[in-house]
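S.K.: If you want the building blocks of each chain, they are given just below.
2 protein chains.
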Amino acid sequence: MKDRLIYLPLGGAGEIGMNAYVYGYGVEGKERLIVIDLGVTFPDMDGAPGVDLIMADTAWLEANADRIEAIFITHAHEDHIGALAHLWPRLRKPVYARKFTGRLGQLKLEEAGIPPETINIVEPRPTTIEAGPFKVQFVPISHSIPESSAMVIDTPAGRIVHSGDFKLDGTPIVGEAFDPQMWHDIANEGDGIKVLACDSTNIFSPQAGRSEATLQAPLTEFIAEQKGMIVATTFASNVARLKTLAEAGKAAGRTVCLLGRAMKKMVSVAEETGVLLGMPGTVPAEEAVNVPRGNLMLIVTGSQGERRAASAQLSRGKYLGLEMKEGDTFLFSSKTIPGNERGVIRIMNAFSEMGVDVVDDRNGLYHVSGHANRPDLEAVHDLLKPKILIPMHGEHRHLREHAKIAMGKGIQSEVATNGTMLDITHDRPKVVEYIEVGRTYLDGNCLIGALDGVVRDRIRMALNGHVVVSIIIDEEDVPLGDAWVDMSGLAVKGRSRKPLAELVEDELAEFLERAPAKLVANDAKLEEGVRRVVRQLSMEEIGKKPEVSVIISRLAAE
Amino acid sequence: MKDRLIYLPLGGAGEIGMNAYVYGYGVEGKERLIVIDLGVTFPDMDGAPGVDLIMADTAWLEANADRIEAIFITHAHEDHIGALAHLWPRLRKPVYARKFTGRLGQLKLEEAGIPPETINIVEPRPTTIEAGPFKVQFVPISHSIPESSAMVIDTPAGRIVHSGDFKLDGTPIVGEAFDPQMWHDIANEGDGIKVLACDSTNIFSPQAGRSEATLQAPLTEFIAEQKGMIVATTFASNVARLKTLAEAGKAAGRTVCLLGRAMKKMVSVAEETGVLLGMPGTVPAEEAVNVPRGNLMLIVTGSQGERRAASAQLSRGKYLGLEMKEGDTFLFSSKTIPGNERGVIRIMNAFSEMGVDVVDDRNGLYHVSGHANRPDLEAVHDLLKPKILIPMHGEHRHLREHAKIAMGKGIQSEVATNGTMLDITHDRPKVVEYIEVGRTYLDGNCLIGALDGVVRDRIRMALNGHVVVSIIIDEEDVPLGDAWVDMSGLAVKGRSRKPLAELVEDELAEFLERAPAKLVANDAKLEEGVRRVVRQLSMEEIGKKPEVSVIISRLAAE
Numbered sequence: 001m002k003d004r005l006i007y008l009p010l011g012g013a014g015e016i017g018m019n020a021y022v023y024g025y026g027v028e029g030k031e032r033l034i035v036i037d038l039g040v041t042f043p044d045m046d047g048a049p050g051v052d053l054i055m056a057d058t059a060w061l062e063a064n065a066d067r068i069e070a071i072f073i074t075h076a077h078e079d080h081i082g083a084l085a086h087l088w089p090r091l092r093k094p095v096y097a098r099k100f101t102g103r104l105g106q107l108k109l110e111e112a113g114i115p116p117e118t119i120n121i122v123e124p125r126p127t128t129i130e131a132g133p134f135k136v137q138f139v140p141i142s143h144s145i146p147e148s149s150a151m152v153i154d155t156p157a158g159r160i161v162h163s164g165d166f167k168l169d170g171t172p173i174v175g176e177a178f179d180p181q182m183w184h185d186i187a188n189e190g191d192g193i194k195v196l197a198c199d200s201t202n203i204f205s206p207q208a209g210r211s212e213a214t215l216q217a218p219l220t221e222f223i224a225e226q227k228g229m230i231v232a233t234t235f236a237s238n239v240a241r242l243k244t245l246a247e248a249g250k251a252a253g254r255t256v257c258l259l260g261r262a263m264k265k266m267v268s269v270a271e272e273t274g275v276l277l278g279m280p281g282t283v284p285a286e287e288a289v290n291v292p293r294g295n296l297m298l299i300v301t302g303s304q305g306e307r308r309a310a311s312a313q314l315s316r317g318k319y320l321g322l323e324m325k326e327g328d329t330f331l332f333s334s335k336t337i338p339g340n341e342r343g344v345i346r347i348m349n350a351f352s353e354m355g356v357d358v359v360d361d362r363n364g365l366y367h368v369s370g371h372a373n374r375p376d377l378e379a380v381h382d383l384l385k386p387k388i389l390i391p392m393h394g395e396h397r398h399l400r401e402h403a404k405i406a407m408g409k410g411i412q413s414e415v416a417t418n419g420t421m422l423d424i425t426h427d428r429p430k431v432v433e434y435i436e437v438g439r440t441y442l443d444g445n446c447l448i449g450a451l452d453g454v455v456r457d458r459i460r461m462a463l464n465g466h467v468v469v470s471i472i473i474d475e476e477d478v479p480l481g482d483a484w485v486d487m488s489g490l491a492v493k494g495r496s497r498k499p500l501a502e503l504v505e506d507e508l509a510e511f512l513e514r515a516p517a518k519l520v521a522n523d524a525k526l527e528e529g530v531r532r533v534v535r536q537l538s539m540e541e542i543g544k545k546p547e548v549s550v551i552i553s554r555l556a557a558e
Numbered sequence: 001m002k003d004r005l006i007y008l009p010l011g012g013a014g015e016i017g018m019n020a021y022v023y024g025y026g027v028e029g030k031e032r033l034i035v036i037d038l039g040v041t042f043p044d045m046d047g048a049p050g051v052d053l054i055m056a057d058t059a060w061l062e063a064n065a066d067r068i069e070a071i072f073i074t075h076a077h078e079d080h081i082g083a084l085a086h087l088w089p090r091l092r093k094p095v096y097a098r099k100f101t102g103r104l105g106q107l108k109l110e111e112a113g114i115p116p117e118t119i120n121i122v123e124p125r126p127t128t129i130e131a132g133p134f135k136v137q138f139v140p141i142s143h144s145i146p147e148s149s150a151m152v153i154d155t156p157a158g159r160i161v162h163s164g165d166f167k168l169d170g171t172p173i174v175g176e177a178f179d180p181q182m183w184h185d186i187a188n189e190g191d192g193i194k195v196l197a198c199d200s201t202n203i204f205s206p207q208a209g210r211s212e213a214t215l216q217a218p219l220t221e222f223i224a225e226q227k228g229m230i231v232a233t234t235f236a237s238n239v240a241r242l243k244t245l246a247e248a249g250k251a252a253g254r255t256v257c258l259l260g261r262a263m264k265k266m267v268s269v270a271e272e273t274g275v276l277l278g279m280p281g282t283v284p285a286e287e288a289v290n291v292p293r294g295n296l297m298l299i300v301t302g303s304q305g306e307r308r309a310a311s312a313q314l315s316r317g318k319y320l321g322l323e324m325k326e327g328d329t330f331l332f333s334s335k336t337i338p339g340n341e342r343g344v345i346r347i348m349n350a351f352s353e354m355g356v357d358v359v360d361d362r363n364g365l366y367h368v369s370g371h372a373n374r375p376d377l378e379a380v381h382d383l384l385k386p387k388i389l390i391p392m393h394g395e396h397r398h399l400r401e402h403a404k405i406a407m408g409k410g411i412q413s414e415v416a417t418n419g420t421m422l423d424i425t426h427d428r429p430k431v432v433e434y435i436e437v438g439r440t441y442l443d444g445n446c447l448i449g450a451l452d453g454v455v456r457d458r459i460r461m462a463l464n465g466h467v468v469v470s471i472i473i474d475e476e477d478v479p480l481g482d483a484w485v486d487m488s489g490l491a492v493k494g495r496s497r498k499p500l501a502e503l504v505e506d507e508l509a510e511f512l513e514r515a516p517a518k519l520v521a522n523d524a525k526l527e528e529g530v531r532r533v534v535r536q537l538s539m540e541e542i543g544k545k546p547e548v549s550v551i552i553s554r555l556a557a558e
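Respectively, the protein sequence lines represent chains R and W.
Going letter by letter, the first sequence gives residues 1 to 558 in our numbering.
Going letter by letter, the second sequence gives residues 1 to 558 in our numbering.
There may be inaccurate statements among the hints.
No copy labels: a pair is met if it fits in one copy or bridges any two.
Stated by the list, open to error - No farther apart than 35 Å at their CA atoms in a straight line, the calculated lysine-lysine pairs in the DSBU-like style are these: (1) 250 <-> 430; (2) 404 <-> 325; (3) 93 <-> 498; (4) 335 <-> 409; (5) 108 <-> 385; (6) 264 <-> 2; (7) 493 <-> 30; (8) 404 <-> 498; (9) 325 <-> 430; (10) 387 <-> 227; (11) 498 <-> 518; (12) 318 <-> 404; (13) 250 <-> 404.
Honestly, the hints are just simulated from the structure, not real lab data.
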């Protein structure tokens, strides 16, 4: 049997979030594997109420754990690194990352009680990590977080470039600029690039992207114009933006204070690892409270309206002694990620009620994206000249559009969503297998499967309410007293204006009286009968069929 | 005591949706009242899981029902008319509306078993309805539904213009054009306009609005270019757009089929009431299935991604025998209302998986808004020259911005959100009272209050899961057997890898054994103790504190 090269996304392909990609090389079914990124996505009430984080399904990786050589983390965004501490105990393989990313990862591992040395901190290209049949280099590429990397992966079947998240930024303020010469070299070494697995996030943005540096002048001007306190929010990990904002505050004679744990951690790790230089000094909240508001600028977490972040706290009132007031300004130096609109609008209105002026990104004047737009992606195709393009990091519509564009240029391409294994040994990608993949939920401190039924039950209770019926059956299989009914999340009275719980109890009393002994003796049949009575009566009374749990307590003969 | 003129929004002020506004005139506390609009807003999982519709709180209106003269409906959008059939039984007052709006309202009343004659169909200005101290005219104004009306309300304290929803459209395709001359007359009759209560939806849109007619050429061109089946969606009530789309389809030689109950109802009532003329003929789904797909165009409901609408049905597979395939095109001739992004994106990706090309509004090329933008609103201020502007139909941020703009021009203004009663007798609006207002939920067939706790319990169960403990206490206040535990929406096993339900049962057995007789005899204390045990153990095991219901069954001494 011949060796083959495979690509298998477990997360991030068919969605934006929880990135996790696998490459394999070797004999079919015995390929040696590497994993790139282990990220999270954030749950919402519609899909996963009560869940803390969503991660890739690792069942396939666990079943093939002995084949995994290593895990590589491209950059420190949560959708690329956020699952590492949660899933690592299931895989227990060496992890590689660059300095800034690795340090942030080590902090996460430490919190989870995993030795931080699990992450090997490595230098970028030309440093090469050997992982089984793979020779892997971290290649600096510009993005909205310092030290983002593409992975150049040399295999016996050719060179893969796994882009990670990137934009073409020649002046990124913090971190490494996009370097066309280096990428030209990478494309022209040896046989060139066989496969480009490429970020598709902004494939529908028709204009070329703009550099982080273009924000300096407008932000500085805007901040200089404000009279009251200024509060600006952006993504905590956008260290370049934090620096630009802080410098603009300083230039306007303001004392700058960072609020929010994530943001302070980012700045401190960026300074510690040497990726952030010349950040203006900031003061803690305890000092900020004493600064006259016209001289103060807060830079806060919560650009997506997250309920516990600093922006939301301020929108609800005092936070660490600081408070927004009429005449203050709140600036979103960020864009709302689709799906987060409600939370962001909630904050905007809360500030409006306080008399605070809220300013958004003004169509890009105060924010630029971290991802390459369509013309930038096309420039990368042209620069790297891959034989195969695999679109990744996108919903299905992004992947499909990216593949269409590539094929329009004569590049082989295939849309492969999570669980789709591609054979990329030859010049055409070929779907060879579909792995069943779900999702893993972090729920409290448990990892549960998306299909375990736990979250399905929560959604059902939220939509339909929950009726619990408790029935006691004596030693002789005769109901002892009446059924007790407890209702949660249901209207108290319906059509007949009598309490529904009482009506149900009455109806169940009749049902139990009439029920044949054989039915009463059988848990499953009794449950089914009770459930039917409750649902039917509820439907008549309140127009809803609730979830019903039946607790049957059988008294043991003494 | 002198008479006064009051304004009281119960819905629509501080939110976009569930419009319900009250005007009153008379002695303080005895003002005679009119109600303008009774609309709904749509619930989501975050705020109101399981709820069918959200409407204004009518407690204040019910308490003052004897003072209400009449209810006026400005137009037939659900956020203005949707609550009428649900809330009318609580108010039982005459309703007035124009022909198209009234007919749609009558259909709703009929469905609810209310005599349709409850709605009085009236002609527009100069026809005047006398309602106590109010003389009310319906004045045609352009919007995205036929026959939208502003209300001109003459009172002893001066003239009020209640704008309803509107845009300045001179060529609206269907329905009446905006008529500057008529509005000039309205502004200059008698003492002119005292109060303008004005739509604020698009106050943040800086460009002048565009006419519905500007879409004809681009839509016709786009539809002519497509090869496969075309499916277009827009708001069902946008009859003008339906006509434009159908005409474009016809021009391209396509057979047109309308899919979705709401859309068919709108077209049929618009034709019946004479507001829609010259709509191209359409065929039912049963005929459409036999038309070659290249010659077929569907116009469907579900532009906001609603799960049960035709667009969502088609995104899941066959619907009424019709099915989308590779090479087909799906057009959103609509904009996504903030908060609906997830549902819309879900559909887009489902179509992408089928190989269908999805086209959105292309930044307004294929859709225009039904609301006046900022320059249009300013033009209306200038044309009507009100002494007082009350911003309505907007979230707080919209109302505040609109008030700021008015005040910048020397017009008196005040932000009054739901429940804020303004005295507008004199030249300055004055807040005179805050009425406590909540929301009314339609849940199944019940109307429940938002603060009744029903929905709160659902949300808590969805976030935390639900544990039910059943305990039987015998005639002598001694627990009979062990506690039974039922869990819904919780991880089965936690830290110690044993089933949580069993661990809880064991812990409760110990608790009950140790519990003093006095505690066991007291329902409230026993419940509290049980709840504490369950929550604490769950926290240790799975890292979550569930909702806990305790059913205590006390066996009666015989």
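S.K.: When no copy is specified for residue 318 and residue 404, does a C-alpha distance of 35 Å or less occur within a copy, between copies, both, or neither?
M.R.: between (51 Å within a copy, 26 Å between copies)
S.K.: For residue 387 vs residue 227, is the C-alpha pair at or below 35 Å within one copy, between two copies, both, or neither?
M.R.: between (56 Å within a copy, 31 Å between copies)
S.K.: Given identical chains, is residue 325 near residue 430, meaning Cα to Cα at most 35 Å, within a copy, between copies, both, or neither?
M.R.: Answer is between; shortest inter-copy Cα gap is 23 Å, intra-copy 60 Å.
S.K.: At most 35 Å between alpha carbons: which applies to residue 404 and residue 498, within, between, both or neither?
M.R.: neither (62 Å within a copy, 51 Å between copies)
S.K.: At most 35 Å between alpha carbons: which applies to residue 404 and residue 325, within, between, both or neither?
M.R.: Answer is between; shortest inter-copy Cα gap is 17 Å, intra-copy 51 Å.
S.K.: When no copy is specified for residue 250 and residue 404, does a C-alpha distance of 35 Å or less occur within a copy, between copies, both, or neither?
M.R.: This pair counts as between: shortest inter-copy Cα distance 30 Å, intra-copy 47 Å.
S.K.: Under a CA distance limit of 35 Å, which applies to residue 493 and residue 30: within one copy, between copies, both, or neither?
M.R.: Intra 63 Å, inter 33 Å, cutoff 35 Å: inter-copy only.
S.K.: How do residue 108 and residue 385 come out at 35 Å by Cα distance, when the copy is not named: within, between, both, or neither?
M.R.: neither (38 Å within a copy, 62 Å between copies)
S.K.: Could you figure out if residue 264 and residue 2 sit no more than 35 Å apart (CA to CA) within one copy, between two copies, both or neither?
M.R.: Classified as neither; 51 Å inside a copy, 61 Å across copies.
S.K.: Regarding residue 250 and residue 430, is the shortest C-alpha distance of 35 Å or less found within a copy, between copies, in both, or in neither?
M.R.: neither (56 Å within a copy, 42 Å between copies)
S.K.: Treating 35 Å as the Cα threshold, decide for residue 93 and residue 498: within, between, both or neither.
M.R.: between (62 Å within a copy, 28 Å between copies)
S.K.: When Cα atoms must be at most 35 Å apart, do residue 335 and residue 409 count as within-copy, between-copy, both, or neither?
M.R.: both (32 Å within a copy, 32 Å between copies)
In summary, the structure is inconsistent with hints 1, 5, 6, 8 from the numbered list given earlier, while agreeing with the others.
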